[in-house]
Structures are given as structure tokens and as C-alpha cells.
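If you want the building blocks of each chain, they are given just below.
There are 2 protein chains.
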Amino acid sequence: MGSGPASSGRPTISDVAAAAGVGRASAARALGGYGAVSPELRRRVEEAAAALGYRSNALARNLSLGSSRTLGVVVADIANPFFAGVVRGITDTARRAGLDTVVLNTDEDLDDEAHAVEVLLEKSVDGLVVATAAGADAPVPHLHEAAAQVPLVLVDRVVHGLAVDSVTIDNAAAARAGTAALLEAGHRRVGLVWGPALQPVPAQRGRLLSALDSAVSTGADRVRGYLDALRAARVPFDPDLVALTESTVEAAQDATDRMLDLPDPATALLTTDDFALLGVLRVLGRRGLRPGADVSLVGFDDVPWAELWSPPLTMIAQPLLALGTEVAELLLARIGGRDDPPRAVRLPAQLVRRDSIGPR
Amino acid sequence: MGSGPASSGRPTISDVAAAAGVGRASAARALGGYGAVSPELRRRVEEAAAALGYRSNALARNLSLGSSRTLGVVVADIANPFFAGVVRGITDTARRAGLDTVVLNTDEDLDDEAHAVEVLLEKSVDGLVVATAAGADAPVPHLHEAAAQVPLVLVDRVVHGLAVDSVTIDNAAAARAGTAALLEAGHRRVGLVWGPALQPVPAQRGRLLSALDSAVSTGADRVRGYLDALRAARVPFDPDLVALTESTVEAAQDATDRMLDLPDPATALLTTDDFALLGVLRVLGRRGLRPGADVSLVGFDDVPWAELWSPPLTMIAQPLLALGTEVAELLLARIGGRDDPPRAVRLPAQLVRRDSIGPR
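The listed protein sequences correspond, in order, to chains A and B. Each number in my numbering comes from the position in the first sequence (counting from 1) with 371 added on. Each number in my numbering comes from the position in the second sequence (counting from 1) with 371 added on.
According to the in silico footprint, chain B covers these stretches of chain A (three or more CB under 8 Å from chain B):
id : region
1  : 384 to 396
2  : 469 to 475
3  : 484 to 491
4  : 652 to 665
For the chain A half of the interface with chain B, some residues (derived, Cβ under 7 Å), not all of them:
id : residue
5  : G456
6  : V458
7  : R459
8  : W676
9  : S681
Hints were generated in silico from the structure; no laboratory data involved. Where a beta carbon is used, it is the ideal one built from N, C-alpha and C, also for glycine.
Take the sequences, apply the hints, and build the full model.
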């Protein structure tokens, strides 16, 4: 009490709360002019804010009085560790700015996504984050309408022709690096488990590339990166080595069994999420095959148990929290009035080399 | 179009949507009287509903016209797979009843929890689910106030003296079963990693039990179950074998190292969440110790990679989706008008025996 802000630089709402001897949430309510606050508490907080020179920033000025001080987030599956991590990054960043975050789940259903966006707009959210279930070439009228009403940032998946900010990892570069690591070890039969659901897999490289245009961008870009790496190594594309099925552990098991039973079987595998990885590991375990020694393996998403596996698994690490932080900061800047052209931010993923790649 | 409902029994909103030739979300909006719906679409949906004999249920009647048709959920950490699974169960069940779910995160901070509850009440949620950060004996005025305004169901953690429904697993029974399985294999030095943060660990059993009264109920009940199993097997309680620290992988590593370096070291370990399990596995890997053969191990939460581990790990499986479903059904029944006394629902957890328990 009576002490100045602990950190250098601009005083924060926590500094004001400490100086006024109240909780951070109470101070935020008093300064934000929302929620129930006693006149006495408001006076104390306002005096502390004045004494410390606390000023609300551009963001606060642009939050209208009727604003909900809330960001709306629409994701495909909140139980997927990828989205859980991203949402955590968004939530933490929004909270530091004094905004709450509400999350709705779509289960990859485009109707549910449109409904979720509508619900959030009815709740007067100040901005929207959407990991859309739509393919990159889909018309997405619900997102065009939403973007006309509030700032909108796309996360993980991009849509062509929608002029809004987006934050993704560089999926093509990540898949290219993972595939190249397997090819460099001498493998020529590298299986991909899996990309977006496209059945049957087009038998020609060009047709596959065309078909990818209508798919969700994340998976499509990973297939593109895989194809790029093959071409760079002059290894022909074989549709039997590309599983483009529904994303379940069981589908990954079936695909892995099929690739290992080919007359010229896969000797290396690239998995594009942790469901696919679990399916592959289940098949390898059942067949008594050891990653690295018998079948080489690179996986997407550096789940915490991958480094503890026997042997430790080589994985592509996506910066989940950083994705969420970047999304929230972009959105807060737009709410705060930034009006330069939309940005397409691509964060790099990192190939974490461990021991699951061996010689052919 | 024009066909009857596909399933037997009461027609659902999907049946109405199909008969009217519109999307489920549009049919829900038309019948629910919320959102923007053209008069023509509303007429079509209402005619289809009448033709099929679709009737809104007690829940729908009790949702007031100004209702948000939304359930609010407050959890400690949305990135924790346990809460992600529970939230998924809640979301799916609420959606089937035509309600949306908004989720707020508290990071186990009681101030943030109180703020989150306030925010959700301001948004006119029809009901609340809270996994509280409060200890079982805490006063929780924010939850008493909330329960006076809307139906409230506690999930995962209970609070004494708050007359609302709760849904948890039987944590004491689950920990007892896990500990007993280790004792039955001949182990007498069974370490617990970990319960609620209580430093230093009280050196006497009775004092530890008293201290647990003020802790979050979930962790406290697991320590109680562990102590019960020891007593039943006439194995003395040793505070050096109980790690009650912050819940991070690093803290679990330190605790495991300490227990394995005791003059009379732990020969078996019970972990109470997946962070603790990761910490234990990291230490075992570093020391070249194999679960089952060198140190026996039972973990809480049957994460999908546990059965693929080498050797497959014996785990306590919590029914995450069922917890969420039960919570949502209780809450919807209360919103629908059920007014019998509060229920404390305890779902059983299951000990999934695999190969990580060996002889002493």
C-alpha cells in the first residue's frame, strides 16, 4: 500500500489494485465501469490510479460502454491438445488486457460454426477468433458477415478471399522438413498419415494438388510440403503411401497396416497429428517393430510424452502458446483501432530431432 | 423432405429441420424464437414441427424469453486433458438440448473464479458449472450468490455447506484401489506424487488428515484413499513418501528423485495426474529404471499413450465424457424445474491393470 509499481514502465492494473489494497478483479471492475462496485471502492481505486499515473490505453478507449469486454473463440475441438494450447495462449493474453474469453466448439461442422459465430455476435463480443472448418476455397458467408461487424482473426486455417488477419504455422515448410529428414536418412518409401479426408486419393500428383485447394488449409499445406520434399529428392509420388481418411486413431491404424503390407512397404512414416501418431505406434507395438530401428517416424505436435518414449521420438513442435498469444495481440490491436491491411502471420514450427529416424 | 423422423420415439429438432428442408441451426432459431430468421423460414419450420408433433420440452418452457440459452462453465485449466474431456461432455449434451456453452478459465485463482462467475451471470447464462479452485472448507461467497440466481452444479471438486448438485468421481476409492494394488504386490514403500500443495507435509497421519480438510476436495480425497489403503495393509504412514507440492512436471521429478534416494527408498509410486506421471517417467528414464521391473507404478487418468508405453502402464481411468454428460444433464434438469434436494453424484473410476506393477 502506498508503494509504487514493482516493475518499471507503465503501471498496470495490478499495480493500481495493490496500491488501493483491493483485488485485481475489483480494480478492473472499478476502472472499467462494469460490474457491481461500491462507491467507496471505486473512489479508492480511482485515487490510486491517479496517484500512479495509470491510464487506460487505446484498447480501453475503443471498447464501447456497451461492450462485453469479451473475445469470442470458435474452435473445432476443445479437447484436442492443439486447440487447448492455443486457447490457453489467447485466454492469458486477453486477460492481461482485461478481457474475458468465451470458447465455443464446432466439432468441425460448418453449420455449427455459423451458429457459434452468430451466438457470439449476439453476445456483443468485441472480437472473434475462428479456426474454421471450411476449406480454403469455401465461400464462408458467415465469416464475411462477422468480419463486417467486429475484428476477426483466423487461426490455424486460412480462407482465400477473406480479408482478415490470420495466424498459422508454416505447415508446408514443417511437413517438408519432416519428410526431408526421413529422405535424407535414405528412405524412399515414406508414408503420410494423414492429410485432409480425400477418398479415393487422386493417383496423380497434379490431381492431388488440385483436390487440395478445396480442403482445410492446414492439412492441405502439410500434404503439399510432403510432395515438395519428395520432388526435391526425385522420389516418385505413390498414392498408396498417402492416407487421406477421417482423423481417428482407428483410421490411422488401418492406414499404417495397409502401408506396411504393401509389396514394396513403407519404411518411414510422417504423422500429422497425435491421433495419427497413436494409431501408428499401436500398429508398430502390435507387430513388434521399433521406431527408428524397424520403421522410421516423424510426428506432428511435440506432445510431452514423445521425448520420454523408447526411443525418444523425432517430432515437429508447433508453438501453441505463441500462436494463441499472436492471435490475441493482433485481435486486441484491431479492437484498439489498428487499420492497416490484413496480415498473414506464419510462425515457424521446429523439427525436434530425437531417435526415431534410422537408416532404411 | 416430407418424410417422417428417421428414429423412433419423439421427433427431434433435426427431424423438424430435415422435414422443413433447412439446417438444424436455422430450425433451432425458428423454434426458439431467437436470432434472425425470415418469416417464411419460420413458417416452414413451424409447419414441419406441427406435422411431426414436435413439442418443446420442460427445459424449453423454462428458458425465459430473455434467456441466453447458454450454459456457463468455469474450469481451472482448459488445456488440462481432464477438463478438456469434461467440457467436451458438457458441450455435447448441452448442444443436443439446443443450448450453447461458454467456457472461462481461472488458472486455479479464486479471484479470477469469482470474476468469471460474475461475467457469466452478467451474460445471463441459464446455468453454471464450476470446478472451483476453493478448498472444501472455504466460504465461497461468489458461489453462494451465483446459486441464488441460477442453477449451479459443481464438477470434480465439492465444497461443504453449499447446497447444490455436484458430480465427481469417487476419488478416495480410486486412490485406495491403486494403492492397494501396489501393496498387494508386496510393496511396503509406496510413494504418492502428489496431493494438494501442503508444505511441509505434516509428520503425523492425524495432522495430515486435518490439514486436508482445507484443501481442494479432489486431491484431499486421493490422499485419504492412499492413507486408508496403507492402514488397511498395516503399513505405517511415512511423510517422506508423500509429495504435496505445486503441480508441475519439474516438482514431480524432484519428488521422485527424493523418494528414490531415501535410505529406505520407494519401490512403488502412485501418481495423481498426468503431469506427475510425466515427471516420474522422466526420472525413471534418466536412471534407466523400467516401470514394473524396477519401480512399480500406478497413474491417475488413463491418457491414450499409457497403454502403448513399454511396458503398458496400469492406470486409473476417469470417465471424462460421462462426468461432463452427468453434469450437463443435472443442470438441464434443474433449469427445467426439478427442485428435489441437491445430489452428490460420484461416478466410479476404473483401475485398468496392465504391466507396470511388479513384485517388490
